[in-house]
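Chain residues, written in single-letter form:
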Amino acid sequence: AQSVTQPDIHITVSEGASLELRCNYSYGATPYLFWYVQSPGQGLQLLLKYFSGDTLVQGIKGFEAEFKRSQSSFNLRKPSVHWSDAAEYFCAVVYNNNDMRFGAGTRLTVKP
Amino acid sequence: SAVISQKPSRDICQRGTSLTIQCQVDSQVTMMFWYRQQPGQSLTLIATANQGSEATYESGFVIDKFPISRPNLTFSTLTVSNMSPEDSSIYLCSVVEGENYGYTFGSGTRLTVV
Chain B
1 AQSVTQPDIH
11 ITVSEGASLE
21 LRCNYSYGAT
31 PYLFWYVQSP
41 GQGLQLLLKY
51 FSGDTLVQGI
61 KGFEAEFKRS
71 QSSFNLRKPS
81 VHWSDAAEYF
91 CAVVYNNNDM
101 RFGAGTRLTV
111 KP
Chain Z
1001 SAVISQKPSR
1011 DICQRGTSLT
1021 IQCQVDSQVT
1031 MMFWYRQQPG
1041 QSLTLIATAN
1051 QGSEATYESG
1061 FVIDKFPISR
1071 PNLTFSTLTV
1081 SNMSPEDSSI
1091 YLCSVVEGEN
1101 YGYTFGSGTR
1111 LTVV
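Protein chains in written order, with our numbering: chain B, 1 to 112; chain Z, 1001 to 1114.
This is chain B alone, in the form it adopts within the complex (with noise of 0.2 Å):
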């Protein structure tokens, strides 16, 4: 079944610190990858996603993902989190009949 994981349901970092928040999907293609951010009480924002091509893909806010073919992994990192960054973050992916599915999601609370 295609499916996608966040592995960390919740990760605590320090402000100023660097973050990576992994997702694993699991298919035979590669699908086309996304990460969305949620705020408590808002709606989804697209931060990056990943076709094709260079497998480094730079987003908005300052967040990167790396997509790794041998590791079926999309994870987002951020060299610096600030306390903006708390939030709900997800990996989603688009197979062939386009419709995009999500992983569990994952809660980061960044300390002062």
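These are calculated hints, taken from the structure and not from any lab test. There could be a bad hint or two in this list.
What the hints assert, rightly or not - Which chain Z residues face chain B? A few, computed with CB under 7 Å, are given here:
#1 Met1031
#2 Ser1042
#3 Leu1043
#4 Leu1045
#5 Thr1048
#6 Tyr1103
#7 Ser1107
All values derive from a computational prediction rather than experimental measurement. Yeah, the Cβ is synthetic: ideal placement off N, Cα and C, and Gly gets one too.
Starting from the known structure of chain B, arrange chain Z on it as the hints suggest.
For chain Z alone, kept in the frame of chain B given last:
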């Protein structure tokens, strides 16, 4: 990218009643999707609604409970029927457009069933 207007933004409903959620897009799109986000959970796809065909429902969702209309390329509705407190969720519509797979989400409808 497309702009989606989703109404209502929130509602509190009595159990046993039905609520129809509207999704209006400012451009013509072929594919529209409806999602549910239960409290503290991720988004789960309810159905795909393409204009000119019956909606395709995901496992666990049925047409009698979540009837969907898609009368044209800019509009869709999702009805949550015979509601129970377990239906309390955020419901979102989404569209995809273009070769670059621009997925846009509505702001959501926060439904509370009492």
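Item checked: Violated constraints from the hint list, given by number and in increasing order -> none
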